[in-house]
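Order-wise, the sequence lines are chains A and B.
Counting along the first sequence from 1, when you hit position 223 you're at 223 in my numbering, and nothing is skipped either side.
If you want my numbering, it's the position in the second sequence, counting the first as 1, plus 462.
Bear in mind the hints are in silico, worked out from the structure with no lab data behind them.
Quantities reported herein were computed from a predicted structural model and do not represent experimental measurements.
Treat each hint with caution, since some may be false.
With a straight-line Cα cutoff of 30 angstroms, these simulated DSS-like cross-link-like pairs (lysine-lysine) come out [what the hints assert, rightly or not]:
| # | chain 1 | residue 1 | chain 2 | residue 2 |
| --- | --- | --- | --- | --- |
| 1 | A | Lys342 | B | Lys813 |
| 2 | A | Lys301 | B | Lys804 |
| 3 | B | Lys755 | A | Lys338 |
| 4 | A | Lys274 | B | Lys804 |
| 5 | A | Lys379 | B | Lys834 |
| 6 | A | Lys65 | A | Lys274 |
Stretch-level coverage of chain B by chain A, calculated; a stretch enters the list once three of its residues show a Cβ under 8 angstroms from a Cβ in chain A [said to hold, decoys possible]:
| # | stretch |
| --- | --- |
| 7 | 779 to 787 |
| 8 | 792 to 802 |
| 9 | 873 to 880 |
Backbone N, C-alpha and C define an ideal beta-carbon position, used for all residues, glycine too.
In case you want the letters, here they are:
Number of protein chains: 2
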Amino acid sequence: MKAIILAGGSGSRLWPLSRELYPKQLLKIEEDESLLQSTYERLLNFANPQDIIAITNIKHHSDVKTQLQKICAGNINLAEPAAKNTAPAIASAIEYFKQTSETDDIVIIVPSDHLIKNTKLFTDTVKEGKELAEKGYLVTFGIKPTYPETGYGYVKTNETLCKGYKVEKFVEKPDKETAEKYLKDGNYYWNSGIFMGKISVFLEEFEKYEPVIFNNIKQLNYKTSTNIDFSIYKNMPSISIDYAIMEKSSKIALVSLKSDWNDLGSWQSLYDVKPKDENGNVLQGNVITDNVKNSFIYSQKELVAVSGLEDIILVETEDAIMACNRHNSQDVKILVEKLKAKSSETVQLHKTVFRPWGYYTCLNRGEGYLTKTICVMPKQKLSIQSHNHRSEHWVVLEGKALVVLNDKEYIIEAGGSIDIPLKAKHSLQNPYNDELKIVEVQKGDYISEDDIIRYNDIYGRV
Amino acid sequence: MKAIILAGGSGSRLWPLSRELYPKQLLKIEEDESLLQSTYERLLNFANPQDIIAITNIKHHSDVKTQLQKICAGNINLAEPAAKNTAPAIASAIEYFKQTSETDDIVIIVPSDHLIKNTKLFTDTVKEGKELAEKGYLVTFGIKPTYPETGYGYVKTNETLCKGYKVEKFVEKPDKETAEKYLKDGNYYWNSGIFMGKISVFLEEFEKYEPVIFNNIKQLNYKTSTNIDFSIYKNMPSISIDYAIMEKSSKIALVSLKSDWNDLGSWQSLYDVKPKDENGNVLQGNVITDNVKNSFIYSQKELVAVSGLEDIILVETEDAIMACNRHNSQDVKILVEKLKAKSSETVQLHKTVFRPWGYYTCLNRGEGYLTKTICVMPKQKLSIQSHNHRSEHWVVLEGKALVVLNDKEYIIEAGGSIDIPLKAKHSLQNPYNDELKIVEVQKGDYISEDDIIRYNDIYGRV
């Protein structure tokens with residue numbers, strides 16, 4: 001079986017924990033794994049690594065690759081050179097399988113940012129779906145509604161099939177009254193965004209209903225590279241798989257998902273899946289409360305102290321604090337829109353930015369300077385680079401640094417420091433077994449991440 | 463006329479903006495001046511600088527002195543060597559006037575952390591009080607209640623005097639029902655904590671009602687120094703001026719305060735005095751809101767985004783975020799108590815700590831190291847010092863540093879750096895006209911503010 005992970009995302013729903021450049025699927029929601037990583041591992045129950053594609057926007061490509069490499073080397077990552085919604089992404093990934101595989105396999109398409117804990121029941125549902133897919137159906141996974149949710153699309157079933165149902169129609173997000181009718185009716189399911197079908201069937205339906213997409217993917221050439229050519233991709237319409245195919249095709253069936261499922265589409269839904277204390281609170285991190293009920297208080301770094309409040313969500317990150325009413329937590333997207341309009345950096349980036357080699361945190365910024373702490377993981381190294389507008393000064397805090405400066409090597413122990421002059425070729429490296437932490441002071445007339453010339457990079461970023 | 467400013471304080475009511483080591487009176491509540499500074503300036507309308515004493519706990523002495531020196535050089539500051547409530551502080555300050563002045567002047571005693579905007583009306587009330595004080599009364603300033611407050615003590619008046627009233631009794635903080643009765647009665651006033659009287663009358667009453675205090679202050683010797691001897695002060699009972707004298711003396715009169723008055727005893731009262739926007743919100747700093755009403759949102763540094771909440775107070779400081787219900791904002795003290803029990807540093811200190819020469823901010827701390835930014839004001843210098851357990855490394859970010867290291871001088875420009883070895887005698891100085899900012903990286907087996915040997919200090923801290 002083949003699998004496609006849709007690993008894009010706008011990062012606005014769980015802001016400020018998620019960001020445009022670090023969306024929900026990259027977050028470690030449950031313990032040690034990100035949603036993307038759990039999704040990948042769930043698929044490994046019925047697909048081999050070489051048959052799983054993660055497709056994502058070019059913006060998230062490096063983070064997606066880095067996270068998946070931690071689980072399994074050699075996985076396949078496709079980068080969309082432009083954001084075009086789900087249909088072009090899915091079509092491009094399916095075409096990859098078409099070109100690189102001999103057989104007309106079944107492919108499952110899954111979002112990367114849903115929480116599913118019961119893998120056994122999920123796998124059981126996949127097996128049922130497979131039986132229908134083998135008969136030529138495009139199978140959608142439906143969630144039996146438990147309450148009249150107005151934030152999801154619904155799928156209406158009619159006739160029963162051996163393992164599921166024929167689909168009568170897809171319907172848009174309903175109003176409250178309609179949602180209540182759907183719930184009562186019993187034949188309506190939430191649209192989970194998980195689909196399966198034969199490669200050939202998907203391609204036939206693309207050819208039939210979205211010939212522009214079909215004609216463009218046929219021009220992609222995966223034989224020599226996994227790169228998706230922007231000159232081809234830019235011609236694709238921006239359209240979801242639901243609109244493009246699922247709502248039009250007559251071959252749609254539905255299986256009811258047996259496992260738990262949560263799309264974590266709001267802070268409220270994250271609150272829902274977390275264990276609560278005796279006051280109905282979810283308290284994470286450095287938090288202290290007095291007379292607080294049914295609230296979600298999250299601290300990433302600093303102390304958060306709350307008194308006499310109910311039903312609130314309060315989230316502290318290094319550079320943004322968000323508080324909202326738990327019952328209207330989807331309105332966080334309005335805050336994010338307002339911040340976007342003000343071009344706030346906090347919409348895009350965290351203060352701590354992850355890189356393939358580790359991460360850095362901006363400490364403070366002033367006229368002509370910027371200070372950072374940089375953490376380089378064992379056996380990792382930054383690219384050989386130079387800057388035209390700034391000098392740098394490094395002080396080692398923890399571990400040991402191997403510094404390459406104008407082709408000479410220096411070993412600097414904790415407490416030691418080195419100057420990196422303007423335009424000098426340099427690289428910070430950690431060939432040792434412990435994490436390396438340094439303070440970097442950048443000085444110059446123009447200080448920006450884009451003032452970088454890379455000469456050599458083990459992560460292919462030259 | 464003489465004046466005494468009571469400049470102690472526990473810093474818990476406006477936490478996290480105030481701290482144990484940086485209480486409310488030091489905060490800049492209104493624009494550019496702290497409450498302490500405004501209090502001092504208000505007194506200058508009827509007292510000369512050499513007749514105004516600020517008395518404070520030894521913990522706050524340096525900050526109080528620094529703030530008052532900005533307004534007026536050569537003001538008098540007394541430091542209580544132990545916390546003993548208001549009576550011993552007031553008695554010690556009155557005794558200072560007794561020993562250093564020829565005349566039996568009238569002295570006014572004012573808290574340092576109240577907000578009074580109308581200085582003219584305040585001065586008018588002082589004049590009325592003075593007439594009564596000259597007749598031998600101890601005058602208390604009463605506030606005409608506008609609602610049944612349960613958080614203040616009350617003063618009951620009876621007989622009318624030329625400019626005020628005779629006081630029948632002082633009463634403790636009442637319950638709601640009693641407070642309503644007081645409000646209706648019309649003869650009850652809030653106890654503002656502002657008092658006046660002749661030096662001789664205060665001392666007579668101390669001798670009569672608190673002879674232990676009286677006998678101890680007589681042993682103080684201010685002729686040669688303003689130091690209050692701990693061996694004398696430690697014998698004082700810990701008691702408030704209300705309990706010690708005001709509730710016992712038969713010479714008490716009350717004048718009704720004509721000006722505005724707010725004790726800023728809670729976040730709610732701070733909200734009360736701030737101008738509000740059309741939604742009833744007070745928004746300060748980097749704040750964005752959507753559908754927020756009647757709330758007080760304060761950001762000191764990072765972005766604070768709030769959605770769909772009403773009647774909340776949310777305060778962001780560098781190292782602590784506090785959220786509470788506006789109607790129960792006095793409960794912040796419960797949070798502070800809980801934090802004290804956990805020995806949280808955020809109760810005592812800010813992340814940014816003010817010093818006579820400028821300030822420093824801790825950036826981050828790890829195993830064996832600490833990084834800070836240090837800002838040295840123009841013409842200021844840190845003491846000549848050494849450390850037994852840590853080396854330091856300084857990188858200049860802004861301005862220019864004069865570094866004294868083992869008796870040699872080095873001038874370091876922005877971008878430059880210097881190592882301060884373990885045990886080396888050193889001093890960071892800024893003899894120039896611009897602020898100096900550096901990053902300091904401390905490395906060592908024991909990193910603490912108390913690892914310091916001072917050899918020479920222009921602020922007298924050796």
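Right, here's what the structure says about each hint:
Annotation: proposed proximity of Lys342 of chain A to Lys813 of chain B holds, straight-line Cα distance about 29 angstroms (limit 30 angstroms). Restraint check for Lys301 of chain A and Lys804 of chain B: satisfied, since their Cα atoms lie roughly 17 angstroms apart, inside the 30 angstroms limit. Between Lys755 of chain B and Lys338 of chain A the CA atoms are separated by roughly 17 angstroms; this keeps the pair inside 30 angstroms, and the hint holds. At roughly 26 angstroms between alpha-carbon atoms, Lys274 of chain A and Lys804 of chain B fall within 30 angstroms of each other, so this suggested pair holds.
Of the pairs offered as hints, the one joining Lys379 of chain A and Lys834 of chain B holds, with about 29 angstroms between alpha carbons and a cut-off of 30 angstroms not exceeded. About 28 angstroms separates the Cα atoms of Lys65 of chain A and Lys274 of chain A, which keeps this hinted pair within 30 angstroms; it holds. Under a criterion of three residues with beta carbons nearer than 8 angstroms to beta carbons of chain A, the stated coverage of the stretch 779 to 787 of chain B is upheld, 8 such residues being counted. A stretch counts as covered by a chain when three or more of its residues have a beta carbon under 8 angstroms from one of that chain; for the stretch 792 to 802 of chain B and chain A the count is 6, and the coverage holds.
Only when three residues or more bring their CB closer than 8 angstroms to a CB of chain A does the claim for the stretch 873 to 880 of chain B stand; here the count is 3, and the claim holds.
Hint check: no violations occur; every hint is consistent with the structure.
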